[in-house]
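In order, the protein sequence lines correspond to chains A and B. Just so we're aligned: 173 in our numbering is position 173 of the first sequence, and the numbers increase by one with no gaps anywhere. Just so we're aligned: 58 in our numbering is position 58 of the second sequence, and the numbers increase by one with no gaps anywhere.
In short, the hints are calculated from the structure, not lab data. Yeah, the Cβ is synthetic: ideal placement off N, Cα and C, and Gly gets one too.
A few chain B residues facing chain A, derived, Cβ under 10 Å:
#	residue
1	ALA73
2	ARG74
3	CYS80
4	GLY81
5	HIS82
6	PHE87
7	PRO90
8	ALA91
9	ASN97
10	ALA105
11	GLY107
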Amino acid sequence: MSEPSLLWIDWRLAPRLSVRDSLWRVTFLTLVSFALLVLLLSGGADRFLASRYAITAVLRTPLPAGEGQGLARKVAGLQPVRSAVYKDPEAAWKDFLLAYPGLDSLPATGGNPVPGYIEIRLRPERLTAADIGRVTSVLRPVPYVEKVLAGEDQLPRLLRVKRVAAVLAWGGGGVFVALFSLVFLLQDRIRASALAPDFAFLEGRGVPAGRLAVSRAAGAAVSGFFLAVIGVAVSGAILRYLLVRVPTLETLVGPPDELLLPRTAAAVAGYLLCAALLAAVSSLNGFRAARAGRK
Amino acid sequence: MIEAFRLGVYSREATLWDGVDLVFDAGSVWVVTGPASSGKTLLLSILRGGRQPDAGDVVVSGESLYRGSANAARSFRASCGHVPERFVDPAGQTVGNLFRLSAIACGGMRDGERRERQSHLLSMVGLAGAEGWKLPTLSTSERVRAALAAELLRGPRVLFGDGVVAGAGIPFREMLGGLFRALAREGNTIVLAERHLPDRWATTAGEGKAAGPFRVYRLAVPAPPAGGAARPDAPGDGGGQGTEE
Numbered sequence: 001m002s003e004p005s006l007l008w009i010d011w012r013l014a015p016r017l018s019v020r021d022s023l024w025r026v027t028f029l030t031l032v033s034f035a036l037l038v039l040l041l042s043g044g045a046d047r048f049l050a051s052r053y054a055i056t057a058v059l060r061t062p063l064p065a066g067e068g069q070g071l072a073r074k075v076a077g078l079q080p081v082r083s084a085v086y087k088d089p090e091a092a093w094k095d096f097l098l099a100y101p102g103l104d105s106l107p108a109t110g111g112n113p114v115p116g117y118i119e120i121r122l123r124p125e126r127l128t129a130a131d132i133g134r135v136t137s138v139l140r141p142v143p144y145v146e147k148v149l150a151g152e153d154q155l156p157r158l159l160r161v162k163r164v165a166a167v168l169a170w171g172g173g174g175v176f177v178a179l180f181s182l183v184f185l186l187q188d189r190i191r192a193s194a195l196a197p198d199f200a201f202l203e204g205r206g207v208p209a210g211r212l213a214v215s216r217a218a219g220a221a222v223s224g225f226f227l228a229v230i231g232v233a234v235s236g237a238i239l240r241y242l243l244v245r246v247p248t249l250e251t252l253v254g255p256p257d258e259l260l261l262p263r264t265a266a267a268v269a270g271y272l273l274c275a276a277l278l279a280a281v282s283s284l285n286g287f288r289a290a291r292a293g294r295k
Numbered sequence: 001m002i003e004a005f006r007l008g009v010y011s012r013e014a015t016l017w018d019g020v021d022l023v024f025d026a027g028s029v030w031v032v033t034g035p036a037s038s039g040k041t042l043l044l045s046i047l048r049g050g051r052q053p054d055a056g057d058v059v060v061s062g063e064s065l066y067r068g069s070a071n072a073a074r075s076f077r078a079s080c081g082h083v084p085e086r087f088v089d090p091a092g093q094t095v096g097n098l099f100r101l102s103a104i105a106c107g108g109m110r111d112g113e114r115r116e117r118q119s120h121l122l123s124m125v126g127l128a129g130a131e132g133w134k135l136p137t138l139s140t141s142e143r144v145r146a147a148l149a150a151e152l153l154r155g156p157r158v159l160f161g162d163g164v165v166a167g168a169g170i171p172f173r174e175m176l177g178g179l180f181r182a183l184a185r186e187g188n189t190i191v192l193a194e195r196h197l198p199d200r201w202a203t204t205a206g207e208g209k210a211a212g213p214f215r216v217y218r219l220a221v222p223a224p225p226a227g228g229a230a231r232p233d234a235p236g237d238g239g240g241q242g243t244e245e
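Using the sequences and the accompanying hints, generate a full structural model.
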């Protein structure tokens, strides 16, 4: 007598119930995937704050030709730095006039009053006191740098806001995942209870309970993995579409290209494995509960 | 051959029965009768390895069901069919689902083959076309016959029936008797638990033998035709005893 294939036993015994559960699961997994991708890209409020915060290195005048550009290139090479842009006094004056129109006559009285400067923006994930300190400590000893403006007075408040936002974002995500896990567990308990007479029938006819439980869990893990893959694909496509269609979202979430970064891919792979593991554990839990209810 | 030695069961702080010896040879139809609440269902459960007795042991083909290897016990259970007196409906709740479960229990079966055999077996028990019938809507007789047909799908070597004859009702009694005898002729063992032995069966079963609160009858099974389908390991009609005392 051959061994019965029990991997998809739930689908064979209760196809309608299994389809209904899977539809709910793929909906939840898509929502969780969307939240995860947004959090991975934005880092909570990191992306927004990083777009608002800049370190300004005010340069001495006159500056030898090419020194400003060279220094900006060197600063851009630092790990925490996303971009470092040199603005010569001319460009700086134009920016100043854009911000404060009506002061066009000032240079005529005593030359261009605005010095050249380098505007440095940090990577969202490197917006920390340590990294800001690292960048400013590299800039301050440079002889051409007159002053480094890093907003040290406001920095503790900014970092506190960043921490609170991160806790709220990841905490909210965690609560959502916990609720989702609970739904997973309940679904499996309900389905296993509905199938309890069938399992009893099979056990009574020589099908080992252990094999039944392990096969179901393996089937649940495989289906959980694939449902999560669908969820990630759908939510990734929606997020990419939104980021392309609404460019202002980039300031909050990040550029769509970052969806394909290795670190995003690694986090998503971990998420897929977690979804498979959760499906397997909840299947085992449901089976155990159904057996306990039968005794 | 199924042998039960000195079986004892204690229930509700009292001895239900003790020291019961039974032997069930292959290729025979056995009917165990006993009064209500005497433990017939429990006895069947013990004999098929579903509940360990409080005393004694059950030996199948020389191997203890409860003290031997778990694999041997599982193999025995896999070779058994069991028609319970009452059962909780499977998730699908249709007669067809009973057959689907039975097919899964025997290691899977092609859908086409299952449907063909299911249709044949249902016709045989007087339930032609009942595949889609909802189990809760069936009468006791229909439920018993549907469950029996689903068990026969796997071709069990040992068939346990709990109240099957009484449940099926008088119109189907002789049909079931003929079916069980035909199965026994092919070398299978049929063990039925009933409150009473039907009168017409008693004429061929004799007085039976007492075993604890039970009386065990062996129905006469016609010898297989020369060169017939009987299994080589199946004993002839005269072999074995109902009880050992």
